[in-house]
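Colleague: Sequence:
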Amino acid sequence: MTANDPLSNALSGISNAESVGHLTHEVSPASNEIGQVLEVFYDRGYVDGFEFVDDGKSGQFEVELKGAINECGPVKPRYSAGADEFEKWEKRFLPARDYGTLVVTTSHGIMSHYEAREQGIGGQVIAYVY
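Just so it is clear: in the sequence shown, position 38 is 38 by full-length UniProt numbering, and no numbers are missing.
Mixed in with the good hints there might be a few duds.
[What the hints assert, rightly or not] Here are the simulated lysine to any residue pairs, SDA-like style, with alpha carbons at most 25 Å apart:
(1) K76 - N32
(2) K88 - G21
(3) K57 - R44
(4) K76 - L7
(5) K66 - K88
[Stated by the list, open to error] Derived DEER-like restraints, expressed as beta-carbon distance ranges:
(6) N9 - E39: 32 to 38 Å
(7) D43 - G73: 31 to 37 Å
(8) Y114 - E64: 21 to 27 Å
(9) G73 - R97: 27 to 33 Å
(10) E85 - H22: 33 to 39 Å
(11) Q119 - S12: 28 to 34 Å
(12) G82 - T24: 22 to 28 Å
Since the hints were made in silico from the structure, they are not lab data. Backbone N, C-alpha and C define an ideal beta-carbon position, used for all residues, glycine too.
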């Protein structure tokens, strides 16, 4: 059975694995988008690491969890946000100011909303984590 939204399935699987206390989680199928979102999670300190494993098909990511994620999920529909509009989306998806991270896809790649604000670029909000 194929997934309609692999990013949503990956984030819900990570959230479920964190909530029951697992130390690792396998995200399958792998994609560049999921890999870049996991890179943001790693850079912001929400996961200990992740590794791509080639299984001869689409591959999978082995994610090392550290218990730092309270909740993560996709943002549907993907809202456009200017460089000065991230605070509005922080209020909607994050529990408090400067607590958590919005994952944004921009013309410069996928990054956290902190990096996008620093660079002065906008994009589409695709996920959140706190």
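Colleague: Take the hints in turn and mark each one as holding or not.
Modeller: A quick look at each hint next to the structure:
Between K76 and N32 the alpha-carbon distance is near 19 Å, which keeps this suggested pair within the 25 Å criterion. A hinted pair counts as satisfied when its Cα atoms are at most 25 Å apart, and K88 with G21 does not qualify at roughly 32 Å. Distance hint between K57 and R44 is unfulfilled; the C-alpha atoms sit about 30 Å from each other, more than 25 Å. Between the alpha carbons of K76 and L7 the distance comes to roughly 11 Å, so the proposed pair stays at or under 25 Å and holds.
Restraint check for K66 and K88: not satisfied, since their Cα atoms lie roughly 29 Å apart, outside the 25 Å limit. Taking the beta carbon of each, N9 and E39 are about 18 Å apart, not inside 32 to 38 Å as hinted. A hinted range of 31 to 37 Å is violated for the C-beta pair D43 and G73, which are about 19 Å apart. At roughly 23 Å, the beta-carbon separation of Y114 and E64 lies within the given 21 to 27 Å, and the hint holds.
For the pair G73 and R97, the supplied restraint of 27 to 33 Å is violated, since their beta-carbon distance comes to about 19 Å. In this structure, E85 and H22 meet the distance hint of 33 to 39 Å, their C-beta atoms being roughly 36 Å apart. Distance hint for Q119 and S12: a CB-CB separation of about 30 Å, consistent with the stated range 28 to 34 Å. In this structure the hint that G82 and T24 lie 22 to 28 Å apart at CB is violated, the actual value being about 38 Å.
Of the numbered hints stated above, those contradicted by the structure are hints 2, 3, 5, 6, 7, 9 and 12, listed in ascending order.
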